[in-house]
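Colleague: These protein sequence lines map, in sequence, to chains A and B. Residue numbers for the first sequence follow full-length UniProt numbering, so the first one is 1 and each next one is one higher. Residue numbers for the second sequence follow full-length UniProt numbering, so the first one is 1 and each next one is one higher.
It should be emphasised that the hints constitute simulated quantities derived from the structure, not laboratory data. The reader is advised that the hints may include incorrect statements.
Below, a list of computed lysine-lysine pairs in the DSBU-like style, where the Cα atoms sit at most 35 Å apart [said to hold, decoys possible]: (1) B:Lys300 / A:Lys206; (2) A:Lys223 / B:Lys324; (3) A:Lys108 / B:Lys214; (4) B:Lys324 / B:Lys311; (5) B:Lys232 / B:Lys214.
Here are some of the chain A residues that sit facing chain B, going by a computed Cβ distance under 8 Å [to be verified]: (6) Tyr64; (7) Thr77; (8) Ile114; (9) Asn117; (10) Leu139; (11) Asp142; (12) Val165; (13) Ser169; (14) Leu254.
Small disclaimer: the values here were computed from a predicted structure and weren't measured. Note that the Cβ used here is the ideal one computed from N, Cα and C, for glycine as well.
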Amino acid sequence: MYLGIDIGSSSSKAAILDDKGALIAHAAVNEGTGTKGVERALELVFDEAGVEVDTVKFTVVTGYGRITYEHADKQITEISCHAKGVSYLCESAGSIIDIGGQDAKVIKIGANGIVENFVMNEKCAAGTGRFLEVMARVLGCDLSDLSHLAGQSTKEVPISSVCTVFAESEVISRLASGEKRSDVAKGAHRAIAKRVSGMCGRVGLKDCVFMTGGVALNSNMVKTMGETLGREIKAAPYPQEVGAIGAAVFAKELYEKA
Amino acid sequence: MLKETIMKLEERALNPAKAVASIKAECGKDAVGCFPIYTPEEIVYAAGFVPVGLWGGRTEIKMADKFLQGFCCSIMRANMELGMRGVYDQLKAIIIPGLCDTLKCVIENWKTAVPQVPMIGMVYPQARWNRAAEEYLEAELKRVRSDFEKATHTLITDKNVEEAFAVYEEYRAAMREFTEVACDYPLIIDARTRHLLIKAGYFMDKKLYMEEIKKVIDGLKAMEKEAFHGVKVITTGLIGEPAEILDLFRECEISVAADDIAQESRQFRTPARKEGSVWEKMAGRVIDQRGCAFLAEQKKSRGQMLIDMVKEREAQAVIVCMMKFCDPEEFDYPVYKAQLEKAGIPVLYLELDQQIESFEQIRTRIQSFAEMLI
Chain A
1 MYLGIDIGSS SSKAAILDDK GALIAHAAVN EGTGTKGVER ALELVFDEAG
51 VEVDTVKFTV VTGYGRITYE HADKQITEIS CHAKGVSYLC ESAGSIIDIG
101 GQDAKVIKIG ANGIVENFVM NEKCAAGTGR FLEVMARVLG CDLSDLSHLA
151 GQSTKEVPIS SVCTVFAESE VISRLASGEK RSDVAKGAHR AIAKRVSGMC
201 GRVGLKDCVF MTGGVALNSN MVKTMGETLG REIKAAPYPQ EVGAIGAAVF
251 AKELYEKA
Chain B
1 MLKETIMKLE ERALNPAKAV ASIKAECGKD AVGCFPIYTP EEIVYAAGFV
51 PVGLWGGRTE IKMADKFLQG FCCSIMRANM ELGMRGVYDQ LKAIIIPGLC
101 DTLKCVIENW KTAVPQVPMI GMVYPQARWN RAAEEYLEAE LKRVRSDFEK
151 ATHTLITDKN VEEAFAVYEE YRAAMREFTE VACDYPLIID ARTRHLLIKA
201 GYFMDKKLYM EEIKKVIDGL KAMEKEAFHG VKVITTGLIG EPAEILDLFR
251 ECEISVAADD IAQESRQFRT PARKEGSVWE KMAGRVIDQR GCAFLAEQKK
301 SRGQMLIDMV KEREAQAVIV CMMKFCDPEE FDYPVYKAQL EKAGIPVLYL
351 ELDQQIESFE QIRTRIQSFA EMLI
């Protein structure tokens, strides 16, 4: 068995491949680095796989918390692991838009799931999952309901500010002036899409673009991203766990190479 | 011997305040501050002072906000802060060149913000490609000499300047040799050590520094060249700091094969002309400098220069050390980035700030880049 672990800023994920390289289990827990999230994700994934921990031949850890995790054989960045994971699940994938809890990346995939080029957002919450969390709070809904709310929009309200802190004030004043919550929600999705589309322009997109990361679970975000870029964008299979899956693929490759 | 010399120079670069304080005891000279990017250090040296580089540093910005807003580069904010706190009071004077919009404002604001440290501002020609620019620069250098004499109550003869210029030419040649030799020893002279060894020269009398750096060069040359299986890169930008990013280079098996960093090779890569007076030679070094964001060119040569450096040093990529809010460097970036990409050379853009406390995002960028190339 090969284990991949992805310790993100706001969630922990794990995946197991069997000896032949087939994905047999994956799990995500919405608790990130510095919490018990990784232990819970591992419990879930071993339960699902029905295997014991000592059957694991090689472990690769990735994500924001990878440096401080001590039980892996190797640590690899989430950028490399997302490319590897998406390539494993969808051979034709050319590019990835990965929007996580506190950062966003656009990755071009080369042969064998190796990163060809990438860009990452600067140290700012704009264009990340954190932006949506703040918007959901201001709009008085759960993060999981934000996509549905934006789907009811009939007239998108533009959110001009790219800064999360300023956007929060802007949304409050939009609501105070009588704009509908759904229209403001759609505007918040558009603000992220515009921010990330600038990153896509910097690195360039290949054909067959997939979204990964927790934000890809928001179907309206995937749709808005596609509208903004004027091309089809799909959510990757298991978008939240794809980094852990990529880590598990690396674990198998590294074990066999050793 | 080699190890001790390296450690001695690293210690010097890591503790600038202590290093400057020890100058007087070492050589009996006082220190004079030289702001980035280019200052005529030879004039300072000719007057019997030791020029020290003022390239900012890690400090909490409390007072500088009064003169430099948060959107100014962190080097200038740090220099202003340290000046206002009295850290530079031991310097007999400082020279500030107006090579960017922020520096131009600092020349003015310094008089009010740090009145206790005499300041000499200087202005380089914008259009460098005609005879008038050379004549102007020669006159400006002589004007700086005159103002410096008044500020420090000294007399600087042409002969003094010629002697100082000869010392500096020897220093610049030694540094060119060091960067070339260091390329073959990427493990002993890793990115951090390389940077610190170059930086140490900005806090020492150049004659004393040369003795040390020549020991390093000779020590390296006496050894077998090192095998290296990591990634060799060319760095470009204003400054390769904070040093923690260079620790990440080492962690990710990235070595600096050559640099186009303003604080490093741009200081010494252009040799002087053979003919002319010392003033013509000093002006000529600035006129002849190519590929620097702070000196205008009719046709930007930086992209091709970086491509040539990659080929010559058999590097695999270019890493851009972009100081946040450094306008001249940011304006240059799209031009050379397009040229490098066209040439198939991978480019990593690192946005840096001297006051960075968290390196996790930068670590991910550097590590991913290394994973992509190894």
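Colleague: Next step is simple, just say for each hint if it's right about the structure.
Modeller: Checked hints:
no.	hint	verdict
1	B:Lys300 / A:Lys206	holds (30 Å)
2	A:Lys223 / B:Lys324	holds (34 Å)
3	A:Lys108 / B:Lys214	violated (45 Å)
4	B:Lys324 / B:Lys311	holds (28 Å)
5	B:Lys232 / B:Lys214	holds (24 Å)
6	Tyr64	holds (6 Å)
7	Thr77	holds (4 Å)
8	Ile114	holds (7 Å)
9	Asn117	holds (7 Å)
10	Leu139	violated (28 Å)
11	Asp142	violated (28 Å)
12	Val165	violated (14 Å)
13	Ser169	violated (19 Å)
14	Leu254	violated (12 Å)
This entry does not satisfy hints 3, 10, 11, 12, 13 and 14, going by the numbered hints stated previously.
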